[in-house]
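2 protein chains.
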Amino acid sequence: MNSRLKSIILELRQRKLNGLIVSLPANISYLVYAESRDSYLLVSEKENIYFTDSRYSEEAGIFLKNNARLKECNGGIFKHIAESVKELGLTDVGIEERYMPFAEFSKIKELAKGSFNLIPTYGIVEGKRVVKDASEIVKIKQAMEITSSSLEYIKKLLAPGIKEIEVAGELERFMRYKGASGSSFDIIVGSGPNSSQPHHLSGQRKLRDNEPVLIDFGVDCQGYKTDLTRVLFLGKIKVLARKVYDIVLRAQEQAIKRVAPGAEMAEIDRVARRFIAKNGYAKNFTHNLGHGVGLEVHEEPRISGNESTAVRPGMVFTIEPGIYLPGKFGIRIEDMVLVTNKGCEVLSGFINK
Amino acid sequence: MNSRLKSIILELRQRKLNGLIVSLPANISYLVYAESRDSYLLVSEKENIYFTDSRYSEEAGIFLKNNARLKECNGGIFKHIAESVKELGLTDVGIEERYMPFAEFSKIKELAKGSFNLIPTYGIVEGKRVVKDASEIVKIKQAMEITSSSLEYIKKLLAPGIKEIEVAGELERFMRYKGASGSSFDIIVGSGPNSSQPHHLSGQRKLRDNEPVLIDFGVDCQGYKTDLTRVLFLGKIKVLARKVYDIVLRAQEQAIKRVAPGAEMAEIDRVARRFIAKNGYAKNFTHNLGHGVGLEVHEEPRISGNESTAVRPGMVFTIEPGIYLPGKFGIRIEDMVLVTNKGCEVLSGFINK
Numbered sequence: 001m002n003s004r005l006k007s008i009i010l011e012l013r014q015r016k017l018n019g020l021i022v023s024l025p026a027n028i029s030y031l032v033y034a035e036s037r038d039s040y041l042l043v044s045e046k047e048n049i050y051f052t053d054s055r056y057s058e059e060a061g062i063f064l065k066n067n068a069r070l071k072e073c074n075g076g077i078f079k080h081i082a083e084s085v086k087e088l089g090l091t092d093v094g095i096e097e098r099y100m101p102f103a104e105f106s107k108i109k110e111l112a113k114g115s116f117n118l119i120p121t122y123g124i125v126e127g128k129r130v131v132k133d134a135s136e137i138v139k140i141k142q143a144m145e146i147t148s149s150s151l152e153y154i155k156k157l158l159a160p161g162i163k164e165i166e167v168a169g170e171l172e173r174f175m176r177y178k179g180a181s182g183s184s185f186d187i188i189v190g191s192g193p194n195s196s197q198p199h200h201l202s203g204q205r206k207l208r209d210n211e212p213v214l215i216d217f218g219v220d221c222q223g224y225k226t227d228l229t230r231v232l233f234l235g236k237i238k239v240l241a242r243k244v245y246d247i248v249l250r251a252q253e254q255a256i257k258r259v260a261p262g263a264e265m266a267e268i269d270r271v272a273r274r275f276i277a278k279n280g281y282a283k284n285f286t287h288n289l290g291h292g293v294g295l296e297v298h299e300e301p302r303i304s305g306n307e308s309t310a311v312r313p314g315m316v317f318t319i320e321p322g323i324y325l326p327g328k329f330g331i332r333i334e335d336m337v338l339v340t341n342k343g344c345e346v347l348s349g350f351i352n353k
Numbered sequence: 001m002n003s004r005l006k007s008i009i010l011e012l013r014q015r016k017l018n019g020l021i022v023s024l025p026a027n028i029s030y031l032v033y034a035e036s037r038d039s040y041l042l043v044s045e046k047e048n049i050y051f052t053d054s055r056y057s058e059e060a061g062i063f064l065k066n067n068a069r070l071k072e073c074n075g076g077i078f079k080h081i082a083e084s085v086k087e088l089g090l091t092d093v094g095i096e097e098r099y100m101p102f103a104e105f106s107k108i109k110e111l112a113k114g115s116f117n118l119i120p121t122y123g124i125v126e127g128k129r130v131v132k133d134a135s136e137i138v139k140i141k142q143a144m145e146i147t148s149s150s151l152e153y154i155k156k157l158l159a160p161g162i163k164e165i166e167v168a169g170e171l172e173r174f175m176r177y178k179g180a181s182g183s184s185f186d187i188i189v190g191s192g193p194n195s196s197q198p199h200h201l202s203g204q205r206k207l208r209d210n211e212p213v214l215i216d217f218g219v220d221c222q223g224y225k226t227d228l229t230r231v232l233f234l235g236k237i238k239v240l241a242r243k244v245y246d247i248v249l250r251a252q253e254q255a256i257k258r259v260a261p262g263a264e265m266a267e268i269d270r271v272a273r274r275f276i277a278k279n280g281y282a283k284n285f286t287h288n289l290g291h292g293v294g295l296e297v298h299e300e301p302r303i304s305g306n307e308s309t310a311v312r313p314g315m316v317f318t319i320e321p322g323i324y325l326p327g328k329f330g331i332r333i334e335d336m337v338l339v340t341n342k343g344c345e346v347l348s349g350f351i352n353k
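If you're matching them up, the sequences are chains R and P in order.
First residue of the first sequence: 1, per the numbering used here; consecutive thereafter.
First residue of the second sequence: 1, per the numbering used here; consecutive thereafter.
No wet-lab data here; the hints were simulated from the structure.
Keep in mind it's a predicted model, so treat the numbers as computed, not measured.
Do not rely on the hints blindly, as some may be mistaken.
The list treats identical chains as interchangeable, and a pair is accepted whether it falls inside one copy or across any two copies.
Pairs of lysine-lysine, BS3-like flavour, derived with a Cα cap of 30 angstroms [stated by the list, open to error]:
1. Lys113 <-> Lys342
2. Lys79 <-> Lys206
3. Lys65 <-> Lys206
4. Lys65 <-> Lys163
5. Lys141 <-> Lys206
6. Lys278 <-> Lys155
7. Lys156 <-> Lys238
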């Protein structure tokens, strides 16, 4: 059994469980060291079983290696899962309550016919994923290289008259030539006033001179994601935009300086938020400061005012303060940091701001 | 209240419910006539409320119009939902059991403190979405035009030495110039033996002469999706590939002929499956014949051997038989059909096979 699965078994024992039905694709991918889709993984001391259907069984047969046994299920996947739980003699089986739909929970419970208990859990696999190992950091850095070269490429193409969605299309194309399997989320290209919507969908608006263009994108490479935001300017930068940009940049710098083992997440968020508030834009910074990135583009930890836990070496997350002036423009600057033993390494630090 | 919401209210009454918490994005989009993300919709006779957070509230304020009232929730979205249910005096509220995670169900139930019941439901909104209205068909046809021109474009670029993932990248770029907001799913480009994995991920393999290339892709345009598969050949078509291609094509033709109001879904599936079996490839057609397409790329109905219900005018679904020879190659031909009063219209019929 691989070391990640072993660590889950230990965690299950502490929680008085003897099995776990893993349903979040990123959690499964983490445990079997491969990209997984439309599947379930039953983890137990005796055996680990991977359930999928005929669409994926050929590729799963190749990538699973000895990490788990493949069970091809055509129709009735939950019946197969329930039967395996019974065959292995498991009595208390965790489910991932944030990812398993109510109907699946009900179905498995019904099929159990009282022969085992289903226990809602959260964070068993996520708790391991939150600290990245060396092999994961290598992959994230490779993904960041592609992110950087994609941004450099697009900078040369930006010009008045090009549509937001066309910028997104060029990024989508280029990153695949560089080795990415795709985007880590729908690319945000917000031009002019559209930049004030933090999660704008790239649309038909054409870029114009003397306006900011906010580009928030990331790549997926070997299963690992990146997330980066830059605001670029075509032509002149107006006075207000420059002022707001500088405030966001300095808020980010101060927050990054605070990142070190032991620092509370809430405290890191507060550093940026206070600086923005002091400059009069408290109401215009409307989201958390950051989030973890790894096999998912949004994962643990959350760098938010409510999180009193401390950051740990090996965590990878974004620092992305923003100021949004509805109807005018928005500025967000987002980088990814890796917590080190003494402070942090800005993984996207080599990309110009 | 718009007519779609009214039809849901009628359906709720029949099910003895006085409210529904809608959580599937496509269902919400359908009911508010706009693309929706990270939100919930509470439907009730008295009022319809749209819950989202600050990231999306500016755009939601614009697109919601008078379809629902916007409630911005920063943190504690379920608390807001439970409070609204209480304020409206709703006693029996449906949830979408296939889409609501167990944890959300538990949370809302806890917040209800017995003041209302949560009832698992399935298919309330999907039951309406399964038959497309005229405005939806117009959008699907527009999306199919983009799909067609994207395929024509890529045909000219295909050549030995180009990687699968680069083909995907070129499609991603081109469709956005033509008006798509993006792909409807991860593009499948399977070259040579990779084509035998029905849901292959486009990878680093280079196209080669005298091999088939299976391309399965679709676009998202105004929220509506397409799904199309063609197998193209570089150089010569080998004898076995031609033979298998012809069997799949004829199986598809026979199935399409059977599509008409009143035809059972299982029967349509059986027509293609029997023809393939008669030719000796029963074990190599490993998935259902088709699936509905609309606001989601996979939605109701399922054209499968288990579905005894009949097709109805206005349904839109794929017909996609396939034969997969592991290690050798796979052939799948996929078109989208619209059920008419007398038979069906092949929406992708103008795209060469």
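Verification of the hints:
In this assembly of identical chains, lysine 113 and lysine 342 lie within 30 angstroms of each other by CA distance neither inside one copy nor across copies; the values are 53 angstroms within and 47 angstroms between. For the homomeric pair lysine 79 and lysine 206, neither the shortest alpha-carbon distance inside one copy (52 angstroms) nor that between copies (40 angstroms) is at most 30 angstroms. Proximity of lysine 65 to lysine 206 under the C-alpha cut-off of 30 angstroms is restricted to the inter-copy arrangement: shortest distance 25 angstroms between copies versus 49 angstroms within a copy. Proximity of lysine 65 to lysine 163 under the C-alpha cut-off of 30 angstroms is restricted to the inter-copy arrangement: shortest distance 26 angstroms between copies versus 45 angstroms within a copy.
With identical chains, the CA atoms of lysine 141 and lysine 206 are at most 30 angstroms apart between copies only, with a shortest distance of 25 angstroms across copies and 33 angstroms within one. Taking the shortest alpha-carbon separations for lysine 278 and lysine 155, neither the intra-copy value of 33 angstroms nor the inter-copy value of 57 angstroms comes in at or below 30 angstroms. When the C-alpha separation of lysine 156 and lysine 238 is checked against a cutoff of 30 angstroms, the pair qualifies only within one copy, where the shortest distance is 21 angstroms, while the shortest distance between copies is 44 angstroms.
Hints 1, 2 and 6 from the earlier list are contradicted by this structure; the remaining hints agree with it.
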